[in-house]
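Chain residues, written in single-letter form:
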Amino acid sequence: MPVAIFLALWEIIARVDVLPGNFLLPPFSEVVVEFYHLSASGVLGENFLSSLIRVLIGFCAGSIAGIVIGTVMGWNKVADRALNPLITLFYPIPTLGWIPLLMLWIGINEMLPITLIFICSFFPVLYNTITGIKNVDRDYIKAARSLGASDMKVLTTVVIPLALPNIFTGLRLEAGMAWRVIIAAEMVAIPTGIGALLMKAESLIRIDIIIVCLIVLAIMCLIFEKFFAYLEARMTARWRQDAIHNR
Amino acid sequence: MPSITVKNVKNYACRSVNLEINDKELLVILGPNGSGKTTLVNVIAGLVEYQGTVLFDGISVDRIPANKRGVGYLFQNLVLFPHLNVAANIAYSLRVKKWPQQRITEKVRELLKLVNIPHLASRYPKNLSGGEKQRVALARALAASPEVLLLDEPLSSLDAQTAKYLRTELKQIQRRLRITTIYVTHDLMEAINMADRMAVILDGSIEQVDEPEKLLFFPCNDRVSDFIGAPNILDCDYCKSTEQGVMEVGCRGLKLIVPHDGNVIHKIAILPRHIYVSENKPRGPGINGFIATITDIIFRTDTVRFCLEVSNNKLVAEIPYHIFEEMDLEKGKEVYIILRMRRIRVFENKNVSFDKANVY
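Chains R and P, in that order, are what the protein sequence lines are.
Residue numbering for the first sequence follows our numbering, starting at 1 and increasing by one per position.
Residue numbering for the second sequence follows our numbering, starting at 1 and increasing by one per position.
For reference, chain R alone in the conformation it holds in the complex (with noise of 0.2 Å):
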């Protein structure tokens, strides 16, 4: 309902001309037939599925290797200690910021913004899996060892499912930083995506085309961290005191 207000409202202010007409702000039914004509010739169709490949592969490697070596780091002390000062130290540079380096070292090619993804990825799976796999009860070990377990059943069959919580938030937040990192970086470097297609239609004046472009990024955003919440709620609602079920 807030939503349709909105966007009644946009084409009402619009339509009156009370900013400076069409030129900076087209109304709402103007933007959506430009979605239709960028969709009918298949130029968002395109930009879309480039940028969504590159989250998809980048997201998918920063988040297993996120998930691995957090894994590692979590249970193993010596790996700790021998990594956590590395992580420390480039855990701080914002993901942009590599983007000078990453075009000298790998070049404007399809690796450089899946590189960026997977270190905007990385980090902050990496950190939320220490932290779930450090903060497992120790009680819960202690009570698998006495059962029985070897020390990798304690990891798989104890630990890991009860840090997936952790995990998940990691997860969820950087699902949509996926999208937020590759629009940036399409608009900086990369000559197609929707970041891309946002630029050009910036040089053409284009505010429509622009705002078609916002549209799709924000229901990327919002699809990829809904999906998320709903394998979270899928994987761990039921035996999570905490569960929320109507995410």
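None of these hints come from the bench; they were simulated from the model.
Here a beta-carbon is modelled for each residue, glycine too, at the ideal position from N, C-alpha and C.
Among the hints, a few may not be true.
Unchecked claim - Below, simulated SDA-like cross-link-like pairs (lysine to any residue); rule was C-alpha separation at most 20 Å, straight line: (1) P:Lys267 x P:Asp210; (2) R:Lys142 x P:Gly70; (3) P:Lys24 x P:Gln172; (4) P:Lys126 x R:Arg240; (5) P:Lys68 x R:Asp139; (6) P:Lys126 x R:Ile141; (7) R:Lys142 x P:Ser145; (8) R:Lys142 x P:Leu84; (9) R:Lys153 x P:Ala66; (10) P:Lys68 x R:Met152; (11) R:Lys134 x P:Pro82; (12) P:Lys126 x R:Met235; (13) R:Lys142 x P:Val48; (14) R:Lys153 x P:Gln101; (15) R:Lys77 x P:Val48; (16) R:Lys142 x P:Pro82; (17) P:Lys68 x R:Thr156; (18) P:Lys126 x R:Asp139; (19) P:Lys68 x R:Arg138; (20) R:Lys142 x P:Asn85; (21) P:Lys97 x R:Asp151; (22) R:Lys134 x P:Val48; (23) R:Lys142 x P:Ala13; (24) R:Lys142 x P:Ala66; (25) P:Lys98 x R:Thr156; (26) R:Lys153 x P:Gly70; (27) R:Lys200 x R:Ile210; (28) P:Lys68 x R:Ile141.
Stated by the list, open to error - Not close to chain P: a few residues of chain R, all C-beta gaps over 12 Å, as computed: (29) Trp10; (30) Pro26; (31) Val68.
Based on the hints, put chain P in the right spot on chain R.
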């Protein structure tokens, strides 16, 4: 089932502990918080580091890791795995040992029946009551048919009524399975009710190991006596059966009714906190009620102890400080006391059955 020997075990909480637990016995380790009783149980389970030796049936298990010691452990806070339902919690040790699925299902069904919760198989721990969780934890500890069962204050988080009920059930299950069991508690009455033998641990050292009655009536030193609540111990002059599950005993002029049906009673014991003290004559039939004179008042942290004289017997009674404040009691004053019948413990002469000596 093995006997267990703990030889000269030392670590951060235990100071040279020596202890023998007999085959199929239920030994209660009794001690205050922080006395090292949980650590001692963890040593036997292999969950903490220690110096010294632990032997099962005379064979050292010091180098055997916790997951291979064949010990069932019921933790104080139960530690049910929250991500597994009741059946999966119970089946955990069997899955780890790679039992075939059909045998696991059968064993879980059998254990659920043993602890009377077959209807809870698919529930998650968050949806169980305290008593139900306790039963699941016990079934899980028993699942892999352990040779030794360690129970660390398993009833401490339950309300008194549920704890009483489950205590009886735990004891029955232990008797039925004939499994060597160590039961940790800080509650004297719970210990007395459960134990074949009791070991009192204070500041990381075992002070006394004995049968419950012997420990209560013959504490080996003042520390043990103080810890178990410095019971009043009275010698009995005569003993008469009333044939209603109770006996009448005479202790230097005090005629007492005690819950007992068996051999001749030699001594009786009652803890100071189990003697009711009142300024006014209590209502009721007056069983075990007497008039006593206060000879001394001793103030403790949260309680007040009265030294009382009644018919040439010296008794000590204890009441909470906040109740003392509401009363007007002083040395030399007369008070009404009741020795609570159900709280009186008896020490019987096992060689003299009541049939052989009605009065002695």
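These are the hints, each one checked on the structure:
no., hint, result
1, P:Lys267 x P:Asp210, "holds, 17 Å"
2, R:Lys142 x P:Gly70, "holds, 14 Å"
3, P:Lys24 x P:Gln172, "holds, 13 Å"
4, P:Lys126 x R:Arg240, "holds, 7 Å"
5, P:Lys68 x R:Asp139, "holds, 18 Å"
6, P:Lys126 x R:Ile141, "holds, 19 Å"
7, R:Lys142 x P:Ser145, "holds, 18 Å"
8, R:Lys142 x P:Leu84, "holds, 16 Å"
9, R:Lys153 x P:Ala66, "holds, 14 Å"
10, P:Lys68 x R:Met152, "holds, 14 Å"
11, R:Lys134 x P:Pro82, "holds, 17 Å"
12, P:Lys126 x R:Met235, "holds, 15 Å"
13, R:Lys142 x P:Val48, "holds, 10 Å"
14, R:Lys153 x P:Gln101, "holds, 18 Å"
15, R:Lys77 x P:Val48, "holds, 18 Å"
16, R:Lys142 x P:Pro82, "holds, 15 Å"
17, P:Lys68 x R:Thr156, "holds, 18 Å"
18, P:Lys126 x R:Asp139, "holds, 17 Å"
19, P:Lys68 x R:Arg138, "holds, 19 Å"
20, R:Lys142 x P:Asn85, "holds, 19 Å"
21, P:Lys97 x R:Asp151, "holds, 14 Å"
22, R:Lys134 x P:Val48, "holds, 19 Å"
23, R:Lys142 x P:Ala13, "holds, 18 Å"
24, R:Lys142 x P:Ala66, "holds, 9 Å"
25, P:Lys98 x R:Thr156, "holds, 15 Å"
26, R:Lys153 x P:Gly70, "holds, 17 Å"
27, R:Lys200 x R:Ile210, "holds, 9 Å"
28, P:Lys68 x R:Ile141, "holds, 15 Å"
29, Trp10, "holds, 46 Å"
30, Pro26, "holds, 51 Å"
31, Val68, "holds, 20 Å"
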